[in-house]
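2 protein chains.
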Amino acid sequence: MQFELTREFIDELKELIEAKNDVSAMTRIKDLHPADIAEIFNELDPDESAYLYNLLDSETSADVLAELTENEREQFIEEMPGEMIARKVIDNMESDDAADLLGELSEEKQEEVLHSIEDVEVAGDIVDLLSYDPDTAGGLMAKELIKVNENWDIAHCIRDIRKQASEVYEFYVVYVVDDDDILKGTVSLKKLLISRASTRIRNIANKDVILVKTDTPSEEVANIMKKYDLVSLPVVDAIGRLVGRITIDDIVDVIQEEAEKDYQLISGITEDVEHTDNIFVLTRARLPWLIIGLTGGILGSRVISMHESDLKISPEMALFFPLIGAMGGNVGVQSSSIVVQGIAAGTIDLQGIAGKLMKELSVALINGFILSALLFIYNLLFSESFALTVTVSIALFVVIIFASVFGTFVPLVLQRFKIDPALATGPFITTTNDIIGLSIYLAMGRLMYGLF
Amino acid sequence: MQFELTREFIDELKELIEAKNDVSAMTRIKDLHPADIAEIFNELDPDESAYLYNLLDSETSADVLAELTENEREQFIEEMPGEMIARKVIDNMESDDAADLLGELSEEKQEEVLHSIEDVEVAGDIVDLLSYDPDTAGGLMAKELIKVNENWDIAHCIRDIRKQASEVYEFYVVYVVDDDDILKGTVSLKKLLISRASTRIRNIANKDVILVKTDTPSEEVANIMKKYDLVSLPVVDAIGRLVGRITIDDIVDVIQEEAEKDYQLISGITEDVEHTDNIFVLTRARLPWLIIGLTGGILGSRVISMHESDLKISPEMALFFPLIGAMGGNVGVQSSSIVVQGIAAGTIDLQGIAGKLMKELSVALINGFILSALLFIYNLLFSESFALTVTVSIALFVVIIFASVFGTFVPLVLQRFKIDPALATGPFITTTNDIIGLSIYLAMGRLMYGLF
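Taken in order, these protein sequences are the chains called A and B. Under numbering that gives the first Met the number 0, think of the first position of the first sequence as 0, with each following residue one higher. Under numbering that gives the first Met the number 0, think of the first position of the second sequence as 0, with each following residue one higher.
If you are wondering where the hints come from, they were derived from the structure by calculation, not from laboratory data. Take these hints with a grain of salt, some might be off.
As the list claims (entries may be wrong) - Below, computed lysine to aspartate or glutamate pairings styled on EDC-like, alpha-carbon distance capped at 20 angstroms: (1) A:Lys-260 - A:Asp-44; (2) A:Lys-29 - B:Asp-35; (3) B:Lys-355 - A:Asp-271; (4) B:Lys-206 - A:Glu-273; (5) A:Lys-190 - B:Glu-38; (6) A:Lys-358 - B:Glu-42; (7) A:Lys-183 - A:Glu-218; (8) A:Lys-212 - B:Glu-3; (9) A:Lys-146 - A:Glu-14; (10) B:Lys-190 - A:Glu-169; (11) A:Lys-355 - B:Asp-10; (12) B:Lys-206 - A:Asp-179; (13) B:Lys-358 - A:Asp-276; (14) B:Lys-355 - A:Glu-42; (15) B:Lys-355 - A:Asp-10; (16) B:Lys-189 - A:Asp-159; (17) B:Lys-355 - A:Asp-44; (18) A:Lys-206 - A:Glu-218; (19) A:Lys-19 - A:Glu-3; (20) B:Lys-226 - A:Asp-236; (21) A:Lys-355 - B:Glu-38; (22) A:Lys-87 - A:Glu-42; (23) A:Lys-226 - B:Glu-58; (24) B:Lys-190 - A:Asp-159; (25) B:Lys-226 - A:Glu-273; (26) A:Lys-108 - A:Asp-90; (27) A:Lys-206 - B:Asp-276.
As the list claims (entries may be wrong) - Per the computed footprint, the stretches of chain A lying under chain B, defined by three or more beta-carbons under 8 angstroms from a beta-carbon of chain B, are: (28) 119 to 132; (29) 196 to 205; (30) 364 to 370; (31) 441 to 450.
Ideal placement from N, C-alpha and C gives every residue a C-beta, glycine not left out.
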């Protein structure tokens, strides 16, 4: 059944490639799913996978290319002449994959490939798709779809669908259009199968069709398909003409990428990396945040040194520097991440900013009170300085309130200025909260040690 | 077109409900998609949504219930008698949704509902589904599916599908079984539509069918559907009999939940919360991590106080407490999160632990060197104490190496012991890294100040 990639399988394959035993190597992989072959390519050295790639038939090799990421794909098509890309790759791909692949090529190479595509209609579809922003419905959609005229009867439809189906890999819904190609509804294959042959399409079509425009952002497309549990979604142009369709498998990728992007931002990684990437890619992805963190730490040291004279009088304040810094950062990340998730789910617009801040403030008051009380009790029992006990508890309370409000506010403001709100969970806010927390603590210390 | 939920719409609806203007209220919502009605319910007060809910017809109200989360659903079914749940809700739901809903009821109520279901086959399907672990393929699947015998011809199939289709809401694939109900393959609706009526199913069936067993974990099911771009996936029992099917919309939810769970762990939130939850739920979700953070901060203060005599000699060391603590935490989270994402994507098994640690060590050496060098230059220029300059740079280097290795190691170990590796990105590791970082720094200080 499913293929399970093992170390042994890879080692065996490597040996067969080295021995140039093409027949045995192909026996191992030729019946596998393209997604499995793509996974195998990731485990081989570039030379080895290039060798295997050249043994694959055109259709399989095109499917495998579509499964690879942009970077992985590059090594296979970089050296291929444009004419070969057109014939061996593009001809065997759905229009959306073909457009994605072409979009990755240099302009020169793109033109070379486009001119080598024999079917002008195919080339035209790809040119159309290339004109859309990749992060919109237009950039996600494929041109291949099955459509029928609302005036046809089922028998006519099925005859026509048989013709159309040869060009479409798989379909789950038939779109219904009028004579001007304006989208009027959908008919499920189930309905087509179970209705009588003389039924007119307009009478069985579902007219409440959920659709998007070519310029609808990907994230919104994903939210719509998730919310309404759709398997495919039609895309129309500005006047409502059907121009393409998006399938759920493309949207699963969008959802996954969005989630990964947010996860990487919150974990302090600046670009899309995987544990399989090489050392330099991994280093480059991680260094920027660490440099911001380092800068924050240095600024923190400056804040402390500005209070050096206070610290000479009450050096025990240094004991709680790490606690105050860490708590400010923790609370800020919690607050930001809840807002970021709300924005991603599209559920945050309704409540005004004021309402959100009030709620966050209430949570902060409760948490701040509990945590400060716990710290107060600890210090009452174990600390010799009552001034320190009071200072650190009050400072913790203030820091929690501040970090909560700040952590909620920043992603909302970023969102308003059309900047990715997930940036708020990243380095800047944590570092800012660290420094401001320290300042609050030290200022509070000056005040309290004056009083007690 | 799509429904857009606005503040005005909700306010208007609230007024209509208050005026008990049932007809106008229903005109506003009756043509909406159940997912939209569920969204509206979330914006209304419990009394208001209960009022609207009772106005809905059985089918719509069942669909709306299926769209709500467990907590939201509770208020509607809590007070409903078992007989009414069976008739109004269960009868209008797919088996998987019905089983999910029943699984949320008390055992007593469950039995009451099951006995009230008139169709024994429906009740039997639900009882079957309830027996599976919710986090496995069995717990995700629905019983409704279309299957045909491999020996039938297409005409026979289509006649049979028409009969079966009345009980299945929507389907995209027809399953092919033998006389013993063993899954043999699939036939796409496209193939059924375009093939000749006398064709035997076994001749057009796709026999390379990707399937899962009832006990396959949800996460693996999600990875398989993602990898192979599947819209539906058959589930078989231990001897290969077809027992259910999982559709992509359920898997989109699994993917989303997994991503959200990992995101919440890394942001220090312990349970599934949304910004719309009430203040006490939000507080409860956030307090545990903050208490761990507080404990970590207190332990940090103890570590520092153990070195109090050193600090009397070199009080300037306190300047870099926040920097050392924060950097240890940052590097640790980066390392853990890369491993956690690799495990979630199912790509991490192939490489051994030793290989991963070596790679992580290399990244840490490069990052550690660059960051320590930057800090060294800064301190050379701005710090008066050469001993401090050397101490803090070396300590930073050691802390980065340690935190990287520790951050990589912990999720791998958790995974080996079948504990959720994402826990490693949570509070324990960050806090541990903070404390160990401080200890390294202070120990290094004792050593260096002795030398210079």
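Results of checking the hints against the structure:
no.	hint	result
1	A:Lys-260 - A:Asp-44	violated, 28 angstroms
2	A:Lys-29 - B:Asp-35	violated, 47 angstroms
3	B:Lys-355 - A:Asp-271	holds, 18 angstroms
4	B:Lys-206 - A:Glu-273	violated, 34 angstroms
5	A:Lys-190 - B:Glu-38	violated, 29 angstroms
6	A:Lys-358 - B:Glu-42	holds, 16 angstroms
7	A:Lys-183 - A:Glu-218	violated, 25 angstroms
8	A:Lys-212 - B:Glu-3	holds, 15 angstroms
9	A:Lys-146 - A:Glu-14	violated, 50 angstroms
10	B:Lys-190 - A:Glu-169	holds, 9 angstroms
11	A:Lys-355 - B:Asp-10	holds, 19 angstroms
12	B:Lys-206 - A:Asp-179	violated, 41 angstroms
13	B:Lys-358 - A:Asp-276	holds, 10 angstroms
14	B:Lys-355 - A:Glu-42	holds, 15 angstroms
15	B:Lys-355 - A:Asp-10	holds, 19 angstroms
16	B:Lys-189 - A:Asp-159	holds, 12 angstroms
17	B:Lys-355 - A:Asp-44	holds, 18 angstroms
18	A:Lys-206 - A:Glu-218	violated, 25 angstroms
19	A:Lys-19 - A:Glu-3	violated, 24 angstroms
20	B:Lys-226 - A:Asp-236	violated, 31 angstroms
21	A:Lys-355 - B:Glu-38	holds, 18 angstroms
22	A:Lys-87 - A:Glu-42	violated, 24 angstroms
23	A:Lys-226 - B:Glu-58	holds, 18 angstroms
24	B:Lys-190 - A:Asp-159	holds, 14 angstroms
25	B:Lys-226 - A:Glu-273	holds, 16 angstroms
26	A:Lys-108 - A:Asp-90	holds, 16 angstroms
27	A:Lys-206 - B:Asp-276	violated, 36 angstroms
28	119 to 132	violated (count 0)
29	196 to 205	violated (count 0)
30	364 to 370	holds (count 4)
31	441 to 450	violated (count 0)
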